[in-house]
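Peer 1: One letter stands for each residue in the lines below.
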Amino acid sequence: MTQCATAYTVQERILHDQSKGSANPYRATHPRLFRLFDAFDGTTPVVDVERARWFTESMRETAGYPLVLRWAMALMNIAKKITVYVDDDQLIVGRCGSDRGRYGILYPELEGDVIARSLPSLLDEGRESCPLVIDPEDVRIYMEEVAPYWQNDRCFREDYVHHLPPEIREVGYRDKDGYIPRFVCNDTCTYRTSLQWVPDYGKVIRLGLKHMKEDALRRLDALDHFSPTDTLRCRPFLEAMVMVCDAIVLWAGRHAELARAKASAEADPGRREELLCIADICERVPEYPARTFHEAMQAQWFISCFSRLEQRTGSIVSNGRMDQYLYPLYRKDMDEGRLTESRALELFDCLWCNLAQYVDVSLSAAGLASYDGYAHWEAVTIGGQTQEGQDAANDLTYLLLESRKSSPMPYPDLAVRIHARSPERLLLEVAETMKVGQGYPKLFNDEEIIPLLMAKGVPCRDANDYAASGCTEVRCPNVGAFTAASHQINLCAVLDLTLHNGRMASSGDLLLGLETGDPREWPDWETFLQKFLMQLGHITRYTFAAVPVIRKIRARHFAAPLLDLLHEKAYDDCRDIHGEEKIDKAVYLAFFDTIGFATMVDSLAAVKYAVYDEKFVTMDKLLEALDADFSKEGMEILRRRLEKCPTFGNNDPYADSIGLAVERYMQEYSDKYAPELGLQMDLRTSSVTANLPHGKEVGALPNGRHAGTPVSDGASPCHHADHCGPTMALLSNYATKAWEYPHRAARLLNSKFTPKCVEGEEGSLRLVDFIRTWRDLRLWHMQVNIINRETLEAAQKDPDSYRNLVVRVAGYSAYFTELSPTLQNDIIERTAYESV
Amino acid sequence: MAQSDIQGLVFNIQHFSMHDGPGIRTLVFFKGCPLRCRWCSNPESQSGVEELGYDREKCLRCGTCLSVCTRGALSLTGDGLRIDRTRCRIDRAPCVRSCPAEALRLYGEKMTVGEVLDEVEKEAPFYRLHGGVTLSGGEPLMQGEFVLALLREAGRRKLRTAMETCAFADRELFLEAASLLDYLLADVKLMDDARHRRAAGQPVQVILDNLRAVRRAYPSLPLHVRTPVVPGINDNMEDILAIASFAAGIGAARYELLPYHRLGLQKYGYLERSYPLSEELVLEDELFQRLRTAAAEICPAQAVSDETR
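Chains as they are written, first to last, in this note's numbering: chain W, -15 to 820; chain B, 689 to 997.
Some hints here could point you the wrong way.
[Claimed, not checked] No farther apart than 25 Å at their CA atoms in a straight line, the calculated lysine-lysine pairs in the DSS-like style are these:
1. W:Lys628 x W:Lys194
2. W:Lys65 x W:Lys246
3. W:Lys628 x B:Lys798
4. B:Lys810 x W:Lys628
5. B:Lys810 x B:Lys846
6. W:Lys628 x B:Lys746
7. B:Lys746 x W:Lys616
[Unchecked claim] If you want the ones that stay clear, here's a sample from chain W, every Cβ over 12 Å from chain B, calculated:
8. Lys4
9. Tyr10
10. Pro15
11. Glu45
12. Arg190
13. Lys197
14. Leu204
15. Pro443
16. Asp493
17. Leu494
18. Arg504
19. Met603
20. Arg623
21. Glu746
22. Glu813
Simulated from the structure, these hints should not be mistaken for lab results. Glycine is no exception: its CB is placed at the ideal position from the N, C-alpha and C atoms.
Build the full structure now, drawing on both the sequences and the hints.
Peer 2: Next up, the structure:
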């Protein structure tokens, strides 16, 4: 008999004490963190147009040059003209825009038309979900100086939508210009320039940009003037490399000047000293190799910040393996007495505050839907293995876990790589950090990820060195070269189409899928499943067919010289990473995403159970109930019986075997058709927050789900359907993976515990056992929410007192009170009940 | 009959239990208990036969159950379902399976040792170094043949075993079960025979003697003694310290106090029984913490080493 008294997480206790007037205990030990944090905490993000303005100004003047060079010229223009900032109290300097708290910037080359449509209304009406503010003067600048240039298909989004074959466009959007997504087969390329990415920061720290520029100059010198390849491809590419090095060094130098100017005006001698130190560092890095830990941190931030100016990386550029590339200088400074742990923590705090202030501005309907709560996740990867396959945990790994515990923000987005030889200490400290209750760290499984990468052609050394990138993706920074974001398939919409002969309950007579016939006439379950798979194949075909279009159009619109400079294969081959032609020796890991996996499995299982096996309802009655959204007399009783059918998440072969059949079909599809695309097309099950908008479009389903409500997230079971607890949910995930194929990638898995379950040292040890088994089951990813449902309910009622409540959303964490009410409810519903 | 075919009455198998023995554990709830603790939070565990529970709040009054009952034991009144418990034979309980609202539930299912352990073994990948199966209840020792067969078969399947017991049982049976266990949890509620009889329906002396005998016979079997602290029953320093001293005296590895809660209250309603205690009783948290601190000074509250985990 389990007896319960409520237990609380560290985060819950801090918030509770704060509401009674006592301060966050970390304020005493991390004074600078909280001085910085207080200055932007709760500010509504400002939209800054400077980046868009200087980018556009240059692009207007460089028509005719090769795109990669134009991009470098535009970056040079930005580096020269954009306002630079040295924030009060900061030790790591650099921003991409406004210093009025949280802020974001604009990418007109991506979605100039959407921005032009949205900015004026942002000014007039604001917006309810994820509000943003903008100065009237900035709107004027944008509308007059920026917007006109990007009209008439000059921005990617418009050009792409207009180039889509009409049948794909029709399934994708409600309107011909693609502003209103249908969320059946949904593009994700129109609101991000590139997939989540990780550049090789270590290279800049070790070598410095001057060295890299000199190498590019040497290569330029050695070009053969009579070779068309050298003159047409290599020359402009290498010139772009040189120019981007110069641009960053110039921009860093402007920070040095400003810091020096601020120092001479500074009255406080302590801060004056700091400013002079900042000036020295900005003069040194990233031009030259970093000599100290502080210099390495500053070099990393300059590169990461400049990458934001270069392109909109979906959910923002990640931080890579920080405990690896920063370690040599950390060790050196510690050994030589230049650095203490508390100083290193302070520098990390400074970086986290920089990350926290930069938000990903989503203006399109699809973008906003996927990134609820100003979502951005610049994953910081720690742990894992070295390139040589040895355990990689070091002092900095543990220091970063420590740093995560004291942060009142959803930053850093900490990701730990776990492998078969991860030390006991790492597992325990991971468990203890999870118990703070903010949903960190998320876990990545080397035992699944590395073999898959190697199976797809990534060399061992690079596979061992992968980094988490964004929510659940991974990158091999010098090898992977696929940057196009592909489509999401709404599995529940596919079922809706199957039930309605290629139409959806919400789309009337419009034919969106394949006419598979009337389900009433199907004699058995095997026929039903076969029709569903035909429908699924039909929609999957669109996602595959869109990939070459996306690649071709992207190549006309985007280049990323900074990314190229830091990508060994792109740099060697003089080919831009967004280009259509493949980079020599690079590996192209594309994917297709599925949304609503558990809802689909449960619904199919319910059809099998209720209609064909137990026969307590006919297909006719079932369809009638679905079309009426269970609203007529007696239908609620049917709905409740349907809810009781076997479900995914309980290690029940009845449901899991159906999930496996669908997964196998998708991987077989990829096995058969991806070679035609010349790419790896990996099946992913990683919805982020897209399970909400995708659910909105889907009618009532046979698992008893009402029309329009959210579908399940990632590869997690449906809410309340996993009545056998988190261990069985993991086993169901294991049981639904088609292990005989390698065409799979991230599966996003939310696990949930009450604080009581993992209380005390014994609780930590049990959590470690849970993690070990997750690892042995070779599941790709896992994140753990440890919180009391009551805390979330209290936060909904009294958002002011819970402003700093951080919860795990999907592959990332965010402030609970900044999420849309629908998403808040979704998270409350998924929160564990205390077992009785 | 083969060991794995022996049947017993089980009312739940709960995966991912975190508070009933070392590591991650699967709990098997045996039906039937010799005690009648007035605060019992699992009233459905007490009787040794299958029972039908009915949640009036959840009931949709849809009548689906009436149509499937072969005994005519159910009728629908303005106040919900009426169960004629003299007619009801349970008999695979079609009413429970057909109930769309989960308002009807079946407490108790005849399962073989093999069936129980097949379900238990699903969780085995999570047991790692310490976890395993915990037999709970009810009182496992009420089903002697079944519990021994289950423990032997668990041993054959290389599962680590724990048992939660009230220790009110036949001495020989208890000792034999103990010989098959890796970890033992036992509840002691009061040290005084008469008061124990009033609170739990049986004297305590048998319990205390059994625990002493087990310790003597199996000194290396970790013993984890627990006391539910119940207002008006034993929420005072004198009673708790007496039990703590007993636990320390027989060399318990761990003595744990569990705070009283009323989470089982609703289930009395489902069984059409009344709650034996006053519903207003509250355990003062401050008092509980004081008792816990004091008890911990006599006998450790947490596992002291890996051995006892």
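Peer 1: Now tell me if each hint is right for this structure.
Peer 2: The hints, checked one at a time:
1. W:Lys628 x W:Lys194: 66 Å, violated
2. W:Lys65 x W:Lys246: 19 Å, holds
3. W:Lys628 x B:Lys798: 22 Å, holds
4. B:Lys810 x W:Lys628: 21 Å, holds
5. B:Lys810 x B:Lys846: 14 Å, holds
6. W:Lys628 x B:Lys746: Given pair W:Lys628, B:Lys746 holds - Cα atoms ~14 Å apart, limit 25 Å.
7. B:Lys746 x W:Lys616: 20 Å, holds
8. Lys4: 16 Å, holds
9. Tyr10: 26 Å, holds
10. Pro15: Fine: 33 Å to the nearest Cβ keeps W:Pro15 off the interface.
11. Glu45: 63 Å, holds
12. Arg190: 40 Å, holds
13. Lys197: Given a closest Cβ separation of 53 Å, the condition holds.
14. Leu204: 58 Å, holds
15. Pro443: It holds; W:Pro443 is separated from chain B by about 32 Å at its closest Cβ, greater than 12 Å.
16. Asp493: 33 Å, holds
17. Leu494: Holds: least Cβ distance 34 Å, greater than 12 Å.
18. Arg504: 23 Å, holds
19. Met603: Given a closest Cβ separation of 19 Å, the condition holds.
20. Arg623: 8 Å, violated
21. Glu746: 7 Å, violated
22. Glu813: 18 Å, holds
Violated hints, listed in ascending order, are 1, 20 and 21; each of the other numbered hints is respected by the structure.
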